[in-house]
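*Asks:* Following the hints, complete the assembly by docking chain B with the ligands onto the known chain A.
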Amino acid sequence: MGRYSVFAVAREAFRNHTGWQRAWSSPEAKRRYDVIIIGAGGHGLATAYYLGKNFGITNVAVLEKGWLGGGNTGRNTTIIRSNYLQDPSAAIYEKARSLYETLSQDLNYNVMFSPRGVMMLAQTEHEVRGYKRTAHANVLQGVTTEFISPERVKQLCPIIEIRGPRYPVLGALWQARGGTARHDAVAWGYARKCSEMGMDIIQKCEVTGIRSEGGKVVGVTTNRGDIDCDKLGVVVAGHSGHVASMAGFRLPIESVALQAMVSEPIKPCMDVVVMANTVHGYMSQSDKGEMVIGGGADGYNNYTQRGSFHHIEETVRALVETFPMISRLKMLRQWGGIVDMTGDRSPILSKAPVDGVFINCGWGTGGFKAIPGSGWGFAELMAKGESPLTAGFGLERFREGRFVDESVAAGVAH
Amino acid sequence: MLILTCPYCGVDCDETELGAGGEAHLKRHGPGSTDEEFESYIFQRENPRGVHFERWRHAMGCGKWFHAARDTATLEVFGTYVAQAFEPPQEIKDKITAKRPGWTWRDVA
Ligand SMILES: Cc1cc2nc3c(=O)[nH]c(=O)nc-3n(C[C@H](O)[C@H](O)[C@H](O)COP(=O)(O)OP(=O)(O)OC[C@H]3O[C@@H](n4cnc5c(N)ncnc54)[C@H](O)[C@@H]3O)c2cc1C
Ligand SMILES: [Zn+2]
Numbered sequence: 035m036g037r038y039s040v041f042a043v044a045r046e047a048f049r050n051h052t053g054w055q056r057a058w059s060s061p062e063a064k065r066r067y068d069v070i071i072i073g074a075g076g077h078g079l080a081t082a083y084y085l086g087k088n089f090g091i092t093n094v095a096v097l098e099k100g101w102l103g104g105g106n107t108g109r110n111t112t113i114i115r116s117n118y119l120q121d122p123s124a125a126i127y128e129k130a131r132s133l134y135e136t137l138s139q140d141l142n143y144n145v146m147f148s149p150r151g152v153m154m155l156a157q158t159e160h161e162v163r164g165y166k167r168t169a170h171a172n173v174l175q176g177v178t179t180e181f182i183s184p185e186r187v188k189q190l191c192p193i194i195e196i197r198g199p200r201y202p203v204l205g206a207l208w209q210a211r212g213g214t215a216r217h218d219a220v221a222w223g224y225a226r227k228c229s230e231m232g233m234d235i236i237q238k239c240e241v242t243g244i245r246s247e248g249g250k251v252v253g254v255t256t257n258r259g260d261i262d263c264d265k266l267g268v269v270v271a272g273h274s275g276h277v278a279s280m281a282g283f284r285l286p287i288e289s290v291a292l293q294a295m296v297s298e299p300i301k302p303c304m305d306v307v308v309m310a311n312t313v314h315g316y317m318s319q320s321d322k323g324e325m326v327i328g329g330g331a332d333g334y335n336n337y338t339q340r341g342s343f344h345h346i347e348e349t350v351r352a353l354v355e356t357f358p359m360i361s362r363l364k365m366l367r368q369w370g371g372i373v374d375m376t377g378d379r380s381p382i383l384s385k386a387p388v389d390g391v392f393i394n395c396g397w398g399t400g401g402f403k404a405i406p407g408s409g410w411g412f413a414e415l416m417a418k419g420e421s422p423l424t425a426g427f428g429l430e431r432f433r434e435g436r437f438v439d440e441s442v443a444a445g446v447a448h
Numbered sequence: 014m015l016i017l018t019c020p021y022c023g024v025d026c027d028e029t030e031l032g033a034g035g036e037a038h039l040k041r042h043g044p045g046s047t048d049e050e051f052e053s054y055i056f057q058r059e060n061p062r063g064v065h066f067e068r069w070r071h072a073m074g075c076g077k078w079f080h081a082a083r084d085t086a087t088l089e090v091f092g093t094y095v096a097q098a099f100e101p102p103q104e105i106k107d108k109i110t111a112k113r114p115g116w117t118w119r120d121v122a
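Residue numbers (this note's numbering), protein chains in the order written: chain A, 35 to 448; chain B, 14 to 122.
Bound conformation, chain A alone (with noise of 0.2 Å):
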């Protein structure tokens, strides 16, 4: 696979881009590997690539049901920060944070990381004393974070509206240095390094069986046959329930739908990201001038990627309170994407009670902004058995009442 430049661009140029290569390769599946990963989401591809980068680990094989990055990862809103309350979040999150400064460069593919800062709206006074709460545990977890004023919002993104008078915005958590980026471009770029370093992706595979034998795994089954590994690694998201089901566990994890939907798009009027939670909607500005919206999460287990109409009607209704001036902006696509919540809106990155399996799950509506410090501690946990990154979210959190509960500190989990 060649490598992505300027030069390859302006070569390209002059031979009608004839010259182009397939980014990763589509091989058959071989009889056996090291580590399986099922699921080709960002987390899935940022373990293998990981494993292979940091550990050297490289007989791996991705199993992906669909398509590579049509998951969550293909489907979500792209917002990242950092700017979590407690420290075993701060710390995987700004980890992931600061490894998006530079991926593009590490993985030689645009992924189109915009630091174009986050701001949180703090519009009940609820929020002021929790952000400002956040912003003071920010300091000493070492993550750039600052509380600020109405007018200070105002001057940042001038579409706001702060008067209210039902949604006042009475401050913000603004986190300067994070942002947006490609998903797609996630998924791609992690998948053509891992392809270029010998690891099988194969799409249209989906496991449908988990085997072991005297309690360590040894394969699974597929719709394309028996593969068997040493270790698994299941990053199903949504799935995570019924995937942790063939190996005979249950997962303190609930499925449902959560929604997103992009307008027309129009010129450029918003340079940062604006996240308003007490009434439940986000918006960004993507570069083809949609503005990009997340909306609602059912309250009901849901596989359907769909969600319920009602939530674009509360999401739409409570964003033109905010932002008067998107009123007459034609929406143009709506989906869904099914997420993976915990009791604690924190993950799972853990060994599961089936020896040689691993579990990295519960990103729920806020996984995208973690992609590659998940990968990174997962890959470690699966190969040396532990992780500094991962340690606070082991499965026995909750039979040990451990929680990182994240869910009190934001009231959502973006």
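Some hints could be false.
[To be verified] In silico negatives: residues of chain A with every beta carbon more than 12 Å from chain B:
1. Arg37
2. Val40
3. Gly53
4. Arg150
5. Thr178
6. Leu190
7. Leu204
8. Gln237
9. Gly248
10. Ala294
11. Ser342
12. Glu355
13. Lys385
[Stated by the list, open to error] Within a straight-line C-alpha distance of at most 27 Å, the following computed DSS-like cross-link-like pairs (lysine-lysine) qualify:
14. Lys64/A x Lys385/A
15. Lys64/A x Lys99/A
16. Lys40/B x Lys385/A
17. Lys99/A x Lys112/B
18. Lys129/A x Lys166/A
19. Lys129/A x Lys301/A
The set of hints was computed from the structure by calculation and includes no laboratory data.
Glycine residues also receive a C-beta, built at the ideal position from the N, C-alpha and C atoms.
*Replies:* Structure of chain B with the ligands alone, referenced to chain A:
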């Protein structure tokens, strides 16, 4: 839009009229139970992709709790029944078995 029939007042309710109460028929462990039992009761969920039993509340109506049998993959509703039940009525089980051959009560747990 999910529509469930309240078994008490017989109203066909839009989901906006209802409160979702999560997985039904969990075994409630009390004082003296082990950590594993508490973990199972409080946190572990079947979260199936398919037939599922849930607790719902007719929040904007009679206010009562009831049960619903649904398919989480197709959003088909098999029926609703009263809260005072440890398992779904035979009639609903039969209906599910007819529509999902091979399905049996509690085959996942
Ligand atoms: C609408 C929406 C908006 C969001 N907005 C944000 C945001 O702004 N910021 C943020 O940080 N996060 C956001 N998220 C959350 C984020 O998208 C996810 O946390 C993250 O993408 C999860 O990545 P993943 O790799 O774990 O899962 P996925 O990308 O879903 O990948 C899992 C893969 O596993 C595959 N799979 C499942 N079962 C099997 C099987 N049996 N065999 C083989 N393969 C299987 C699936 O096909 C899928 O491709 C949002 C999510 C949604 C739905
Ligand atoms: Zn009723």
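*Asks:* Against this structure, judge whether each hint is valid.
*Replies:* Hint check results:
In this structure Arg37/A is separated from chain B by more than 12 Å, as the shortest Cβ-Cβ distance comes to about 42 Å. Even its closest Cβ contact with chain B, about 47 Å, leaves Val40/A beyond 12 Å, as expected for a residue assigned away from the interface. The claim that Gly53/A is not at the interface with chain B holds, since no C-beta of that chain comes within 12 Å of its own (minimum 44 Å). Every C-beta of chain B lies more than 12 Å from that of Arg150/A, the closest at about 35 Å, which supports listing it as non-interface.
For Thr178/A, the condition that its CB be more than 12 Å from all CB atoms of chain B holds, with the nearest at approximately 34 Å. In this structure Leu190/A is separated from chain B by more than 12 Å, as the shortest Cβ-Cβ distance comes to about 35 Å. Non-interface status of Leu204/A relative to chain B is upheld: no Cβ of that chain comes within 12 Å, the nearest being about 29 Å off. In this structure Gln237/A is separated from chain B by more than 12 Å, as the shortest Cβ-Cβ distance comes to about 20 Å.
No beta-carbon of chain B is positioned within 12 Å of the beta-carbon of Gly248/A; the least distance is around 22 Å. The non-interface label for Ala294/A is consistent with chain B: the shortest C-beta to C-beta separation is roughly 19 Å, beyond 12 Å. For Ser342/A, the shortest C-beta to C-beta distance to chain B comes to about 6 Å, within the 12 Å cut-off, and the non-interface label is violated. Its beta-carbon lying about 19 Å from the closest one in chain B, Glu355/A satisfies the requirement of being farther than 12 Å from that chain.
With a closest Cβ-Cβ approach of about 16 Å to chain B, Lys385/A is found to remain outside the 12 Å limit, as its non-interface label requires. For a cut-off of 27 Å, the pair hint linking Lys64/A to Lys385/A stands: about 25 Å separates their Cα positions. As the CA atoms of Lys64/A and Lys99/A are separated by approximately 17 Å, the hinted pair is consistent with the 27 Å bound. Our distance criterion of 27 Å between C-alpha atoms is met by Lys40/B and Lys385/A, whose separation comes to about 26 Å.
Distance restraint check for Lys99/A and Lys112/B: the Cα-Cα separation of roughly 25 Å lies within the 27 Å cut-off, and the hinted pair is therefore satisfied. Between the alpha carbons of Lys129/A and Lys166/A the distance comes to roughly 22 Å, so the proposed pair stays at or under 27 Å and holds. The straight-line distance between the Cα atoms of Lys129/A and Lys301/A is roughly 34 Å, outside the 27 Å bound, and the hint therefore fails.
Hints 11, 19, counting from the list given before, are not met by this structure.
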